[in-house]
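Asks: Take a look at the letters that make up each chain.
Protein chains: 2
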Amino acid sequence: MYNYSTSAQSMRSSAIRELMKLAADPSIISFAGGMPNNQLFPCEIVEELYHSLPLAEKQAAFQYGPTPGYPPLLEALKEYLRSRGLPVDTNELMVTSGAMQAISIISKVFVDTGDTVITEYPCFIGAVAAFKSHGANIAGVPIDNDGMDCDQFRTALSRDTKRVKLVYLSPYFHNPAGIIYSQERKDAVAALLAEHQVVLLEDDPYCELYFDEADKPLTTPLKATADSRFPICYVGSFSKIMGPGMRLGYILAPPEITEKCALAKQSMDSCSATYTQVLAKAFLAENQLAPYVEKLRPVYKRRADIMLNALDEHMPREGISWTRPKGGFYVWVTLPEHMDSTDVFKKSLEKGTAFVVGSAFDPQGVKNNCFRLAFSHTPEERIAEGVEKVAHAVKELL
Amino acid sequence: MYNYSTSAQSMRSSAIRELMKLAADPSIISFAGGMPNNQLFPCEIVEELYHSLPLAEKQAAFQYGPTPGYPPLLEALKEYLRSRGLPVDTNELMVTSGAMQAISIISKVFVDTGDTVITEYPCFIGAVAAFKSHGANIAGVPIDNDGMDCDQFRTALSRDTKRVKLVYLSPYFHNPAGIIYSQERKDAVAALLAEHQVVLLEDDPYCELYFDEADKPLTTPLKATADSRFPICYVGSFSKIMGPGMRLGYILAPPEITEKCALAKQSMDSCSATYTQVLAKAFLAENQLAPYVEKLRPVYKRRADIMLNALDEHMPREGISWTRPKGGFYVWVTLPEHMDSTDVFKKSLEKGTAFVVGSAFDPQGVKNNCFRLAFSHTPEERIAEGVEKVAHAVKELL
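First to last, the sequence lines map onto chains A and B. Read in order, the letters of the first sequence are residues 1 to 398 in the numbering used here. Read in order, the letters of the second sequence are residues 1 to 398 in the numbering used here.
Source of the hints: derived by calculation from the structure; they are not laboratory data. The beta-carbon is built from N, C-alpha and C at its ideal position, and this holds for glycine as well. It is possible that some hints are incorrect.
With a straight-line cut-off of 25 Å between C-alpha atoms, the simulated SDA-like cross-links for lysine to any residue are [as the list claims (entries may be wrong)]: (1) B/Lys58 - A/Lys132; (2) A/Lys58 - B/Lys78; (3) B/Lys58 - A/Glu381; (4) A/Lys132 - B/Pro66; (5) B/Lys78 - B/Lys346.
Listing some non-contacts, in silico: residues in chain B with all C-beta distances to chain A over 10 Å [stated by the list, open to error]: (6) Asn38; (7) Lys78; (8) Lys108; (9) Lys395.
One side of the interface only, derived from the structure: several residues of chain B facing chain A at Cβ under 7 Å [unchecked claim]: (10) Thr6; (11) Ala8; (12) Leu53; (13) Gln63; (14) Tyr64; (15) Phe110; (16) Val111; (17) Gly243; (18) Pro244; (19) Gly245; (20) Met268; (21) Ala273; (22) Thr274; (23) Thr276; (24) Lys346; (25) Leu349.
Build the full structure now, drawing on both the sequences and the hints.
Replies: Structural data, given as structure tokens:
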């Protein structure tokens with residue numbers, strides 16, 4: 001009826017979102033949402049931090065801030081990123097309204113209709129949506145337990161090179177796959193990126209959520225080690241280390257790119273919420289991040305263990321495999337090629353459990369013999385029971 | 001150096017922003033920023049409101065929310081909008097990250113490169129930026145003290161009708177002009193919109209800030225009276241009734257349009273900050289809005305009076321006029337055609353005062369014999385002194 005823009009004409013609610021609505025019943029054991037559990041948020045700490053601020057800063061929280069971010073937050077964030085080995089002094093930092101907006105802005109800055117973005121398969125739904133909303137063709141390169149398949153990555157990079165504008169990777173506790181790249185695979189990926197000089201969007205929301213200190217070195221970003229070799233837009237988030245409701249993320253990129261990103265953001269929302277930027281600044285500056293994530297790590301590790309133990313115990317083995325995460329929120333289950341995870345979803349739902357079907361994470365929206373189980377949000381005492389229900393659904397369909 | 005998208009290639013920091021950087025010195029008396037004064041924000045009330053919330057709601061503030069908004073905020077906001085006569089039951093409401101994002105989303109939903117958006121001249125800078133970032137051609141129709149020139153509006157509507165996708169109006173305490181539409185002019189504008197069936201984006205951030213109760217009827221939105229006659233996307237904001245740092249605005253529009261807007265928002269930032277949505281919900285639900293804006297109105301009225309008195313006393317009259325606002329934040333000064341407000345800006349700056357030059361508000365970025373004085377942010381006791389300096393600068397250039 002209305003005379004929409006071309007891009008709005010193609011917007012419609014996805015079949016997967018319709019499917020997810022079926023799982024909204026609170027009695028369902030849900031492994032669907034990729035979010036932290038409400039009980040884990042640092043409510044009291046943050047309320048106390050705000051209460052202790054000088055009046056001038058409480059007032060500043062209500063005011064507009066500069067588009068690239070509230071300056072004291074940028075300073076505190078630089079300190080934190082420097083401690084993680086990131087090159088904050090040769091790059092420019094800006095705050096965004098969640099990592100989602102960071103990805104959307106970077107798409108706007110690099111992608112014209114018909115351009116190609118190379119992603120992993122499977123891939124974070126939000127990133128696929130952002131690239132598509134800017135008219136991108138998406139080339140999904142499969143990942144295994146160690147990262148992207150580099151033969152297929154090389155092929156994708158070599159095809160129609162002028163139109164490959166971005167490579168999007170989420171190498172650390174991948175959503176939905178739950179894997180972390182091995183050092184060898186990171187080196188191989190970096191060598192290909194250096195050779196082709198394509199811009200990398202390195203998305204890293206889960207980096208702090210490793211289960212074992214011994215795995216921490218694997219979380220070193222490419223931005224920290226390969227920044228001089230090819231252009232890298234590093235994207236981080238407060239969603240998993242404070243709370244998604246803050247809607248705060250950030251981009252660390254070469255100054256020229258960050259300047260374009262800030263110009264793009266100006267006409268999107270002027271600035272991110274100053275109120276939550278003030279809270280995030282206090283959280284960082286008062287050294288609350290480290291003790292908070294130290295508290296989170298064993299909680300998520302325990303949930304992952306419960307989930308993996310339940311899978312080991314109940315899930316059939318014939319042609320079925322799943323990832324064994326070293327951090328983050330997710331286990332990715334792969335069924336035999338002929339199986340359809342939507343069938344498993346429907347049968348699981350009858351039994352009272354939900355998850356997200358695989359096609360949601362396929363840039364082409366087709367492949368559906370996989371599914372994602374999130375252990376981050378489900379009440380701990382219901383995880384084993386929920387996994388058993390999913391396993392039974394699979395058995396009945398085998 | 002980088003292979004940017006077409007739209008990013010044309011992004012650059014405007015000459016006006018460069019000019020404004022000169023005015024950043026805190027010793028300057030600035031009439032530049034269109035924002036509330038920090039001392040006026042309801043800091044204590046809001047902190048107390050959050051403190052009194054049940055734990056579950058404090059926790060929800062840290063979590064993702066639905067893309068169209070935190071449901072309890074939508075309910076409270078509907079109650080408020082209903083009290084203002086807005087048709088909340090036949091339309092759909094969604095929350096945005098400030099009115100700026102609302103305008104950006106509506107642009108994305110309606111505007112393709114080469115389409116036309118009709119705006120007022122002068123026009124809010126942010127709206128112009130949002131329309132241009134979606135490739136719009138902008139047709140600016142002059143306004144006088146009563147609103148848009150309807151002869152020129154008719155002409156603009158009739159030219160290349162297929163490509164006129166949106167009409168953008170800010171009829172109530174206009175930024176930058178400071179005027180409010182007369183009832184007759186609103187009727188005439190509505191008749192033309194009904195005849196041409198173009199979508200109206202009615203931007204209404206300042207509605208609550210009338211100076212005199214007697215003028216309140218003028219603030220009745222077209223959305224409240226003409227909704228059945230043509231499609232209206234009504235946009236509001238918490239920036240002037242709570243604080244811009246909340247980054248909260250909203251769209252009230254026909255359900256089909258709101259659905260497209262929510263799909264567009266999904267890939268922009270997933271949802272607006274839940275934390276500030278929880279605060280805004282408490283502010284509305286605990287009936288804090290009405291007493292707060294009642295406190296604000298006489299403050300802004302007094303500031304406007306001081307500014308107008310100083311203009312009456314010091315500004316030369318030959319070929320110079322200015323608006324006499326009945327609400328909002330702004331006075332718009334028109335100089336003789338041959339004068340350039342950038343010259344006045346430079347001379348004023350030497351004397352220690354700043355404002356925003358007229359070309360910033362010209363969709364074509366050309367006309368520059370006007371300028372905007374904001375009285376919302378300047379310390380009250382410095383307004384008269386600042387205006388005198390500007391008046392002297394004008395005198396010296398006459």
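Asks: Confirm or reject each hint.
Replies: Do the hints match the structure? See the list:
Between B/Lys58 and A/Lys132 the CA atoms are separated by roughly 35 Å; this puts the pair beyond 25 Å, and the hint is violated. Between A/Lys58 and B/Lys78 the CA atoms are separated by roughly 28 Å; this puts the pair beyond 25 Å, and the hint is violated. Among the hinted pairs, B/Lys58 with A/Glu381 is consistent with the structure: their alpha-carbon atoms are about 24 Å apart, no more than 25 Å. Simply put, A/Lys132 and B/Pro66 have alpha-carbon atoms about 21 Å apart, close enough for the 25 Å limit, and the pair holds.
At roughly 46 Å between alpha-carbon atoms, B/Lys78 and B/Lys346 are farther apart than 25 Å, so this suggested pair is violated. The beta carbon of B/Asn38 sits about 4 Å from the closest Cβ of chain A, which is not more than 10 Å, so the claim that it is off the interface is violated. Residue placement check: B/Lys78 keeps its beta carbon more than 10 Å from all beta carbons of chain A (closest about 21 Å). Chain A draws B/Lys108 into its interface by the beta-carbon criterion, the shortest separation being 7 Å against a cut-off of 10 Å.
Listed as outside the interface, B/Lys395 is consistent with that label: its C-beta sits roughly 33 Å from the nearest C-beta of chain A, beyond the 10 Å cut-off. For the restraint placing B/Thr6 at the interface with chain A, the shortest Cβ-Cβ distance is roughly 5 Å, inside the 7 Å limit, so the hint holds. Because the smallest distance between the Cβ of B/Ala8 and any Cβ of chain A comes to about 4 Å, under 7 Å, the interface hint for this residue holds. Using the Cβ-Cβ criterion of 7 Å, the hint placing B/Leu53 at the interface with chain A is not satisfied: the shortest such distance is roughly 10 Å.
At about 5 Å, the closest approach between the beta carbon of B/Gln63 and any beta carbon in chain A falls short of 7 Å, and the interface hint on this residue holds. Proximity of B/Tyr64 to chain A holds as hinted, the smallest CB-CB distance being about 4 Å (cut-off 7 Å). The criterion of a C-beta within 7 Å of any C-beta in chain A is met by B/Phe110, whose closest approach is roughly 6 Å, and the hint holds. For B/Val111, the interface hint holds, the least distance from its beta-carbon to any beta-carbon of chain A being 6 Å, beneath 7 Å.
A distance limit of 7 Å between C-beta atoms decides the matter here; for B/Gly243 the minimum to chain A is near 3 Å, and the interface restraint holds. Checking B/Pro244 against chain A by beta carbon gives a least distance of about 4 Å; that is within 7 Å, so the hint holds. The restraint placing B/Gly245 at the interface with chain A holds, with a minimum CB-CB distance near 3 Å, inside the 7 Å limit. Hint status for B/Met268 relative to chain A: holds, with the closest Cβ pair at about 5 Å, below 7 Å.
This hint holds: B/Ala273 has a C-beta 4 Å from the nearest C-beta of chain A, less than the 7 Å allowed. Taken as an interface hint, B/Thr274 checks out: its beta carbon lies about 3 Å from the nearest beta carbon of chain A, inside 7 Å. At a threshold of 7 Å, the smallest CB-CB gap from B/Thr276 to chain A is about 5 Å, leaving the interface hint in force. Taking 7 Å as the C-beta cut-off, the interface hint given for B/Lys346 is violated, the closest approach to chain A being about 24 Å.
Because the beta carbon of B/Leu349 sits about 21 Å from the nearest beta carbon in chain A, more than 7 Å, this interface hint is broken.
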